[in-house]
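Trainee: Chains as they are written, first to last, in the working numbering: chain A, 45 to 616; chain B, 6 to 304; chain C, 50 to 414.
Please note that the accuracy of each hint is not assured.
Said to hold, decoys possible - In silico lysine-lysine, DSS-like type, Cα no more than 30 Å apart, as pairs:
no.	chain 1	residue 1	chain 2	residue 2
1	C	402	A	115
2	A	395	A	337
3	C	115	A	555
4	C	280	B	68
5	C	392	A	115
6	A	469	A	555
7	A	395	C	392
8	C	280	C	359
9	A	115	C	199
10	A	115	C	115
11	B	68	A	337
12	C	115	A	553
13	C	343	C	285
14	C	319	A	337
15	C	321	C	280
16	C	319	C	226
17	C	285	C	111
18	C	319	C	359
19	C	111	A	395
If you're looking for bench data, these hints aren't it; they were derived computationally from the structure. Keep in mind the model is a prediction, meaning the values are calculated, not measured.
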Amino acid sequence: MTTSDTSNPIPSQDPPQVDNYLTHSTGIMSWLGTLDHKRIGVMYLCSILTAFFFGGLFAMLVRAELMFPGKLFENPDTYNVMFTMHGVIMVFLVIIPSVPAALGNFVLPIMLGAKDVAFPRLNLFSYYLWVTGAVLAVSSVFFGGVDTGWTIYVPYSSSGSNMDGILPVTFAIFVLGFSSIFTGINFIVTIHRLRPPGMTWFRMPLFLWAIYATGILQVMATPVIGITVLLLAMERMFHIGIFDPAYGGDPVLFQHFFWFYSHPAVYIMILPAMGIISELISVHSHKHIFGYKFIAFSSVAIAIFSFIVWGHHMFVSSQSPLMNVIFSAITFSVAIPSAIKVFNWIATLYKGSISLNTPMLYALAFIVLFTISGLTGLHLGALATDIHLHDTYFVVAHFHYTMMGGSIIAMIGGLHHWWPKMTGKMYSEFWGRIAFTMVFIGFNLTFFTQFMLGSKGMPRRYQDYSGENWSLAQTELFAQYHWWSSIGAFLTGFGFILVAIYLLHSLFKGKRAPANPWGGRSLEWQCASPPPHDNFSKPPTVGDCYDYSVLEWDESEQGYRWRADVKHPGEE
Amino acid sequence: MNVTDTHTNKHPDFLAHHWDTPSQQFEAGKLGMWLFLATEVLLFGGLFVGYSVWRGNHPELFKFGSEFLDTTWGAINTVVLIASSFTMAFAVTAAQRGNQKGLIIGLVLTLAGAFGFLGIKYDEYSHKFEEGWFPGPAFYDKPSESSHTWNDETIVVGSVPLVPPVPPTSAKTAAQLGLPADINVELSAVLPPASSPTGIDRAVLNPDTQHSESKHEVHALQRQDRPANAHMFFTIYFLMTGLHGIHVLLGIFLITWLLVRSIKGHFGPAYFTPIDLGGLYWHIVDLIWIFLFPLFYLI
Amino acid sequence: MSLLLLASSLIAQTGRTGGGFWFPEPGSSVATEVDFVFNVITQICIFFFVLIVALMVIFCFKYRRKEHVADTGGATHNTILELTWTGIPIILVILIFFLGLQGYVRIITPPENSYEIEAMARQWSWTFTYPNGAQDFDSVLHVPVGVPVKINLRSDDVLHALFIPAFRVKMDAVPGKNTFIWFQAIQEGEYPLYCAEYCGTEHSQMVGKVIAYNAVEFEEVIEELNTWIDKVPDEKLHMAGRLLYNLCSACHTTDGKALIGPSFLETHNKFKDGGTRKLADGSSVKVDEQYLLKSILSPGDQIAASDSDKAYPRSMPPGLGRQLGDRKVLALIEFIKRLPELKDSDGKLISVKRSEIVEEAAEPQ
């Protein structure tokens, strides 16, 4: 590497990298067979965003159907397939892998100061498992579709549904599960074994703590969904009688197995998002994160608690009342670490130097939306109110505030934050803010109305809210909310399309990005943008990753650089 | 190619570019393997939970079902697997000490044990298949017509209402109902007699139940004392031993690959990570069987 | 901002249609209690939401970046402060848990002397059976006001859930298990009733209503429900069949289009012409009264196939026809036999009111 022999100790003044990970080698095979975590991360990102597009398309179709009373799609099964595909794609193909596998893969080793993840081949294998799972899941449409909802509850999935797409989807979930497990193993081992000298546990950026806690969840929870979907497939093919009551099985056991995975999966989705927010809030307000240890340990606490609260999805499933009470009690314990995080983020803002640029806007939006989702979780955790709210649009709104308002918003925020690092280009700040506004208003319009829809009694997964059995008053009541909700959904959809347009545009026409456009202190801002193949042209300087006092603004670079009067600790 | 003499430089061939030292790489591999084994345990954990749930709810199924398993062969299989675990450990030690011959002998013996285990399992399975003891509804009454127990009470699936129904009106003649005269005969055959306590005589209405007895052969499991849902035992038996069998099969591929690389001389005191990890995997396969054997065959 | 605008517009909207901002009018004795818990939680939520968002907005405005400052210093942690905002939520969630628990205990504890109604869930309707044997197949639940009512839930096929928003009660109907809900209606009137657990194609039409009457009226309704079919004269039995057809309409059309089962029009035509129907096992059977009878009471015996030899699914539960009782089965047979008489000039089924066909004088017994 030609740059490594310069005597300049200021990392951000490295001359622009001619040889970066994008130009290191060329040709399609250099991507498809790459072992470079950055390229695998980029491949994940492209694939996941494609899946997000299709998942979003299904969401738009669902909202189009619900915009007015009456049937847009004549056959109810069409609608049922659409909301199922929306759920399956968004949960298993997009949100679970989005932050860890796409952004995590790119950022984690660099943040840690490592050259790669611990097992690069396993990393590539995980990606191809994801592709296999995606192909299987999408192929289910051609096998006749799947109309069970993403929760694939028995006995509807084992014998009730006549659609043949269920088997491909169960196998897809199995394969995607292993993709997720291998990613988790890879990240845990990387964090344990590839920390360079000086990178102690409590010097790690909080994003890495979040990824670490997520990795534990991925490793410990995902095998259970693997065995569960295998059993479901056996039940459907051979009627082995484990879940289907018609053959002696117990459908509630399926729900226990399913939620034993799927509840921790909620935290697989939200924990890395919280990690991103911790980074974004601190970096964009140029202020040391407040209460590092509380945030770090709250991630671990959430990971642990999340294993013992699955029963709160089943308060009306005929599980025993005693279990309901116990699960309700434990559920509230998850509220504590979540609350700690939010308060610490707010405290970080205090007396900062807050830049309201696009990534920060997403981070602030995350705080608002996640607060709403967390607080409405109290309604659902309390037994008396959950009985009424369960399986209504209240729940739909609640988990969309978590999954989309939380995970997706954080993912898009993280994407903007690391976009200059990944591509070496700056996107249009103006369009970024416009698109953000559309997404934020549209999102709230879509889902806040659904809280009211749900508390007024609209059950979820309904194709229509009119018909001969419906009273006119009910239809009219629900129609107002649904109309607003659909308008909001379309606005959100356009917002995301705008994001795609200006990001793609920046690839070709964007300004060259400096090494450290935001003034971040964690290690990825010490390498060039985009990073070289081996991440660092010289060993990075490890220190307190939220101590911004060593940086200063560099007008010529339009970015931040290491202060000339501060020595790198390693050079003393 | 011998590992020890060619790799005296700082970054030997087996060391991937992102590691500093072989021991760092070895430790990482070992941690990764342990995590993977944790997922394996959890994968089986789901089935163990299923086992506990059914055993707790229906102990009689397991008492009945285990009579049809051959404890002797099960015990022999256990011994075979434990022995192969021992030879695997021997192979790992041999690799660490640079004992090339011992390594290869150890792996070959382990492989033999794995094949032996699968051979015996094959014999057990084929015996059960011949008898038609498949999991699932193969020896199960037609689901919609039979009653089964759950939570200590009998529930009739697809049944008539629970409360006394409308007083039957079949006392009317066919003529009164405006039907052809001959339907009267059929009515009394198909519709319930007025005196029937539930209003509907299910035996008459369910020719299915009679079919099922004539259609399916009565095999050894269909004896009088067979508890309801006896198939559940075989479902869980085949699932758990089957998944374990698949793991043994994967182990065979793994050990074969290790054997080939050992013969090529890839391993020695400096680099024995794959052997060590393969050994860990084989021990967990062994360990799971040590749980399966008593759970199904003995208790 | 957008939230506030939206909220105010929605408050204005809901003002027109009645009901509170969140809930439908409470209709049962537990509803007010549930609403109380909900409102307490909501107020706690609003307090914290306003606190968090207000602080966030104030900080973002007050400490907005005015120049390129790399670092702002400031405290990195404050253990006392952090323990405080750990402790306060703990106390609050414990309070909320006990509030929720208190209401829940009432929701799941029916009084000893509850009036019991059996509910059977099927794709895609509810059947309610009353202690006197009366049944309603149209997902209409009749209940007395001021009397605790316990509904025993069962399912014949997949998971369903009985949900009555106005009563704030919900429970899954799980095949192979017994579950229940109970409530005490506090006001006469009609309330919507839903299936809340996704159950397949027509899930969104598995809705009905609860009608709450005073005790005297309730007795009359139930009595009427039990005996109306006996008061239908034989010549109007096919019109009674039109009422009962709602039970079949999810799977059997009357316009010749095949859904989950064969269309009744096709069956009618075959009956009229003395034709035969192909069965899934390859044989065929003459379509006569006996065939119709067996198909209703024991549908699994004769799985029909379409004329192009595609077998219909074996999805009709045997309990569906058998619960009806003889005369209602005969009414359905009459319905199929005389199908054209029940259609108007556009080929649509005419609607029939029970009062039109019931004749007190025609009661034969």
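Trainee: Just to be careful, I want the Cα atoms of residue 402(C) and residue 115(A) compared with a cutoff of 30 Å; is the pair within it?
Mentor: Holds, at roughly 27 Å.
Trainee: Are residue 115(A) and residue 115(C) close enough, with their CA atoms no more than 30 Å apart?
Mentor: 54 Å, violated
Trainee: Holds or violated: are the alpha carbons of residue 343(C) and residue 285(C) at most 30 Å from each other?
Mentor: Holds, at roughly 22 Å.
Trainee: Does the alpha-carbon distance linking residue 115(C) and residue 553(A) stay inside the 30 Å limit?
Mentor: With a Cα-Cα distance of about 28 Å, the restraint between residue 115(C) and residue 553(A) holds, given a limit of 30 Å.
Trainee: Between residue 115(A) and residue 199(C), is the straight-line Cα distance small enough, at 30 Å or below?
Mentor: Violated, because 35 Å separates the two Cα atoms, which is more than 30 Å.
Trainee: Would you mind confirming whether the straight-line C-alpha gap from residue 392(C) to residue 115(A) stays at or under 30 Å?
Mentor: 25 Å, holds
Trainee: Is the hinted pair residue 111(C) and residue 395(A) satisfied, with a Cα-Cα distance of at most 30 Å?
Mentor: Since the Cα atoms of residue 111(C) and residue 395(A) sit roughly 8 Å apart, the hinted pair holds (cutoff 30 Å).
Trainee: Is the straight-line distance between the alpha-carbon of residue 319(C) and that of residue 337(A) 30 Å or less?
Mentor: 78 Å, violated
Trainee: When you check the alpha-carbon spacing of residue 469(A) and residue 555(A), does it fall within 30 Å?
Mentor: Status holds; Cα separation ~6 Å.
Trainee: Under the criterion that the straight-line Cα-Cα distance not exceed 30 Å, is the pair residue 319(C), residue 226(C) satisfied?
Mentor: Violated, because 41 Å separates the two Cα atoms, which is more than 30 Å.
Trainee: Taken at face value, is the distance from the CA of residue 280(C) to the CA of residue 321(C) at most 30 Å?
Mentor: Distance of about 28 Å is within 30 Å: holds.
Trainee: Residue 285(C) and residue 111(C) were given as a pair; does the straight-line alpha-carbon distance stay at or below 30 Å?
Mentor: Violated, at roughly 81 Å.
In summary, the numbered hints that this structure violates are 4, 7, 8, 9, 10, 11, 14, 16, 17.
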